[in-house]
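Respectively, the protein sequence lines represent chains A, B, C and D.
Here this note's numbering = 1-based position in the first sequence + 6.
Here this note's numbering = 1-based position in the second sequence + 8.
Here this note's numbering = 1-based position in the third sequence + 7.
Here this note's numbering = 1-based position in the fourth sequence + 1.
Simulated from the structure, these hints should not be mistaken for lab results.
These figures come from a predicted structure and were not determined experimentally.
All C-beta atoms in this analysis are idealised placements derived from N, C-alpha and C, irrespective of residue type, glycine included.
Only true hints are included.
From the structure, some residues in chain C lie toward chain A, with a derived Cβ separation under 10 Å: (1) F40; (2) L93; (3) A97; (4) L106; (5) L109; (6) A110; (7) F111; (8) L116; (9) V121.
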Amino acid sequence: MSATTNASSEVPSASAVWLKRLLGCGIGAVLIVLLFAALDWTGTDYAYLAAYTVVQFILLATAWNILGGYAGYVNFGTAAFFAIGCYTTVFCYKAFQLPLLATLPISAVLAGLVGLGTGYLTLRLRGVFFSICTLAMAVVLQTLVTNWNYVGGSRGAYILRPESVPLFGSYSRFLFAIMLAMAIGSVLLARHIERTWLGRGLAAIRDEELAAESSGVPALRLKLIATSLSGALMGLAGTPFPYFITYVDPTTAFSLNIAVNTIAMPLIGGTATWLGPVVGALLLGIIQQWVTVTISSSLNLMIVGVLLVLFVAVAPNGMVGFVQGLRRRKA
Amino acid sequence: MTTAPLLKMTGVTKRFGGFTALDTVDLELYPNERLGLIGPNGSGKSTLVNCLTGVYRLDGGSVVFNGSDISSFDIHSRTRIGIARSFQIPRPFKGLTVVQNIEVPLAFAVGMTHQREIADAAHAILKEVGLNAKADAMPRVLSQVELRKLELGRALAARPKLLVADESMAGLSDSEVDEILEVLFRLNGEGISIILIEHIMRAVNRFSQRVAVLVAGAKIADGPPKEVMAHPEVERAYLGQ
Amino acid sequence: MDITWDLFVNALLSGLLLGGFYAATAVGITIAFGMLDIANIAHPAFMMLGAFLAYYFNTWLGVDPLIVTLVVMPFAFLLGRCVYKLYYQAFERRSDESLQGLAFFFGVLFIVEVGLLLVFGVDYRFVTAPYIGPSIGMGPISVPMRMVVPLLVGVGLVISVQVFLSRTFMGRAILAVAQDREALRLVGVDPIWIKEIAFGIALATAVAAGALLIIIQPVEPSVGRDFIGRVFAICVLGGMTSLGGTVLASAIVGVAESFTSTFAGPSWAPAVSFGLLIITLAIRPSGIFGR
Amino acid sequence: MASSLIIEGLQAGYGAVRVLHGISIAVREGETVALLGTNGNGKSTLIKCVTGQVRPTAGKVVATIDGQQYDLVGRATEEIVDLGIALVPEGRRLFPKLTVEENLLLGAFRPKARQEIDKNLAFCYKTFPRLNERRTQLAGSMSGGEQQMLAIGRALMSAPKLLVIDEPSVGLAPILVARVIESIAELKAALGLTVLMAEQNFHQAIRIADRGYVLVHGEIALSANTPEELKQSDVVRKLYLGID
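Construct the complete structure from the given sequences, taking the supplied hints into account.
Set out below in structure tokens:
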């Protein structure tokens, strides 16, 4: 597989590339430090929890977009992958007292495998069957977990989280740092996919699947890679969640609300590039945090639903696409 | 001929419901040969191409390419072992530029990994089909003849041993037909075997060393163009009785 | 666990009753998804709308929920036509239905659900009618009327839709529209108009199914979510395009869920239809009864 | 009453490709007119301009149905069918998962056709006994020849005055081509239709045609008033077989 080569058409000199990367890293590091400083400045743990939720949605939206945006398959089952992450944590905590960091890779592998399996079953059919199947899988898994007493069954399970973590201070701060790192990682991964042959192949498949196959693109295999990667990232997003809320039950972990948010964010932000899900997640995430505090949390879903319907109907390329369109018109 | 055929299709049969689109068709192609495949509309030419390139699974018969039976191969595997096609209705990757379109098969079918190598090869192919001026354009701004050239270029980028040109000239003017023919002749000169599927008889007669005629899913004639055109059954198929 | 004969017969019977009701919930999705190729994920949300309208008029004016439904159905038909018009203008016309269209209906699902939540709250609501409560008993077997009535209405609904589809010009055009939309124009029919009518009918059946649901059990707005996968499972299992297949698939799902509840516990029941769906998609995507 | 079709100065194309360059033809009351030429010369595009599937860029298409004149340009296909112009499309375009009878009944959707539905159904079954034998069979499971008969039957069910047929011989074995072409002639005589037929199979087409036009590169290369005139023309041989 040649998926690691850089695919941009112009090839600038190696030193220029490194300089640019270094500059990017520097700016990123400064921004992260500033972000932590700002959150510390509020002086409450709550700020970290709110920020955690927003960043978690960046991770979920980016994960969804790897399959939905690049390959054009709608995954309704985000909650299933998310819950795999949650319950891997619960199980590993109860069985082995495994700390969060050690649980992460296990979740990623499990969720990735479930993604692979779902894809294998349905990706040869029309896209809509994949969508329905993801929905179905969420319910099947929820039923399994509900009946699995070891992880708490329908009653749910409690997780005791440490008071603080060395180097990070409070545990909320630690959780936020982990989630931020994973979100940044996922965005970099998405950006990398976009620029390498995996992304180019997926784009070709989305445009003209038959012509792509005739050009030697192994469509099913690329789609399976995308499904597995997307699933694994969603699983990662769910892994710290039990520590975050300290109590998790199937209804919360498998909630359809997670699914609708995850779909709405990339579609509102724009599915064509890595930037779209980030913009969408920031926007919706911040609006929701604000509405939850000021009005009510049930209104949240209404806002998500209305925005989703409005955007897909009126601005199918999302905010990023809309702004690009404006710029192009000006130019 | 003493050389082994590059392509040997034997008893190829394809049905759609009660409709038999191909009925035990045999077709051979020798290395570096130029074959014209003709027949009235609906006679099964496109179905034959789809059976050859793996879009359809056969209901009977076999396809042997370069000595190995590829009847059960996927589309992309067939492309990788050297069968490339252009589409009757151009199907460019709309979201990619012209040169990026060409790069897809270079990376996936040929398996090139170095970006600079791929870019160079892509530009060379664009030059060959006469599209180098449009390398960075998006497909939607191309004219009809340019889209056909892009189709050919993309097929070519798979570095095929066999190129199937499916109605690459339909709807083009006489001079444009000649442009495409020239490209095809040049490719054949480089050692690529070509199956030309075409309704424009002038082009078929000029290009083909051998012509095969399909009528109602069966092959009724196969031979040098002059002989085939004079064949009473061919005349009947085209003109009626 | 002992499997007694009584338990078995009771489970079978209640499964069949449930199946009759499921047929009513799936008939609309068979039309929308199977025949029109519109994956209306919001179908169950419209069911809940029907349930709450039945509840509202039942508690306010004391009208029988089935009569409420009869009055509401024409309005649902019109609403369905509007929804389709919107869907057509925004997605189908620019042939962008796959990704964006699915997301559209997902959004509609939440708008309807949260709308009901904001109006009616999260409490379970129920209706009163003479047939809710009493049971018909035959020896050890007892059949609650609140299940029998939905079965009868559900079967009646499916039969009337089937008669409409096979005996009328409009019905045959609906059957044809998914097979070759443009060919429909060639016989003098505007396929967009046909799809609009058919989607209206599908939505009307959703509202009716909702009234049946609230006769069977108390509901709150998010109960509809349980039906999303179930209706699609039945539709796919039944072969997508035939109502006969849908009825049989409904019966299978109903019986399978009832047996699962009886012998493995009710908490396993939700997985049954989805499990069947996944197995169907894996083994025979054309459905058990697909042709 | 008179039914006819006049096409004047018709131009059409797809995107940047111009396919028809100013075509004028006439189909007079009770005539069978054949549009001839090999594939890719514009026959199908011309037919599609008549049936509203392609919108011409210039020119006129005027149909007279029962003495009433209608400008067809800009009308949707279903409106044109509703006027009494039936189309047998290239590739038949049946509804494969409906039965033979259901396909036929769909042909009678327009209100005017519903009044004559029993008569027309009986006529179809009389003309094509095969269809009568297979009325409950799915259309998609029938052979190519049977499907073509069903497509013609379905068009007749709309009680047309003007019948437009696009490539009836597509994909059929030569023997079946003859049978299908003959049936068109029979129908025309029995129902008093006016027929415009695009057909690549030259000799079969001129067996039943009163007049013919040969299309080459989107222009009329030959307009012949008798079948004999067509047979003797060099244009035809050159075009079809590429023989100079």
